[in-house]
Amino acid sequence: MSRRDGGGALTALALVLSVLLVVAGGVALYLVMTSSAPGAGGQVTAEPALERKSFHEYDWDELAEVARIVAGEDSVDGAVAVAAEWGIEIGDVRPLPLADGRKATLTVIGIAHDERSDGSGRAGLTLLAAPIAVRPMNGEDTVEGGWEGSDLRAWLSGEALSLLPDELARSVVPVRKATNNVGVSDDPASVTVTSETLWPFSVREVCGDVTVFADEYGDKIRGRTDYIDYGAYDDLLNLEGEQYAYFAESGVTCFSDPDGVLSLDYGGAPTGWWYRTPYPYAFIGEEGSYFYQVMEGGYPVTLGYAGQGSGVTVGLCL
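Under this note's numbering, the first residue of the sequence shown carries the number 1, and numbering increases by one thereafter.
Everything labelled a hint here was simulated from the structure, so no lab data went into it. Treat the numbers as computed from the prediction; the structure is a model and nothing was measured. Hints may be right or wrong, so weigh each one.
[What the hints assert, rightly or not] Label pairs and their computed distance ranges (CB to CB):
hint : residue 1 : residue 2 : range
1    : Thr-211   : Asp-59    : 41 to 49 Å
2    : Pro-97    : Ala-154   : 41 to 49 Å
3    : Asp-118   : Glu-167   : 19 to 27 Å
Beta carbons: idealized from backbone N, C-alpha and C, even for Gly.
Could you build the full structure based on these sequences and the hints that come with them?
Structure follows, in structure tokens:
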């Protein structure tokens with residue numbers, strides 16, 4: 001009788017172990033199929049797959065993910081094609097709510113255009129946020145130190161980022177920007193590279209080939225100066241990056257904006273807006289006082305005193 005009782009106990013134990021193995025196998029299979037793990041309270045959850053949408057339909061985290069996918073391409077043409085597969089093209093636009101209660105606009109102006117500051121390749125998307133504020137370039141009328149030394153750069157590098165939605169701000173990628181960071185100069189060495197998170201555009205990035213000095217002064221001596229080769233200043237301006245696809249496709253030059261893409265409003269009223277490009281020339285006996293601007297009516301290139309307020313239209317990359 002004792003041997004029969006022992007055999008029954010072993011059989012029962014074997015049955016229990018078999019049941020446990022079956023249950024464990026079922027749980028493991030379920031977890032593999034759902035590609036997830038138990039969450040709080042024992043609930044099993046799965047991350048939703050990224051779905052194709054229009055530019056204005058993505059939330060900020062989704063848009064940043066699309067930008068990372070685009071940035072994974074080896075060529076600009078490949079990046080443009082992948083962006084289109086995800087519903088994003090040059091010229092797409094959406095509202096941009098700001099923390100001060102206003103709404104700016106956000107426009108796709110470049111795809112795989114800007115180099116990341118960390119050297120990891122190109123950012124997927126370059127966006128234009130227009131305008132986010134009205135501010136002077138400097139506290140006084142000076143171009144000394146160029147863009148790098150400007151008060152506007154200090155503001156954009158600090159508190160300005162808090163104007164953006166938090167989810168967007170945390171995804172912004174710093175990129176490399178070339179600018180005349182001296183001020184009054186015709187020396188190509190004056191153009192140096194800074195790392196920027198939010199930044200105004202250069203004249204070159206918006207207007208393409210810059211010929212403003214050659215067109216205005218030619219090669220003749222002008223009354224108050226003995227300098228002849230004004231083309232050297234154009235050469236300097238042309239070192240500040242490359243024109244974005246959005247402006248190129250819109251036909252923007254230093255003298256023309258046929259589609260009116262440079263005409264922007266702030267608070268419901270037309271506003272001019274800053275370039276980060278300092279005016280590199282000063283007549284003998286004068287000091288540099290100007291940065292380039294887009295005129296209030298949208299004309300591509302004019303000058304503004306650095307100490308006077310103007311629209312702050314910025315680029316940012318994802």
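- request: Any hints from earlier that this structure breaks? Give me their numbers in increasing order, please.
  value: Violated: hint 2 alone.
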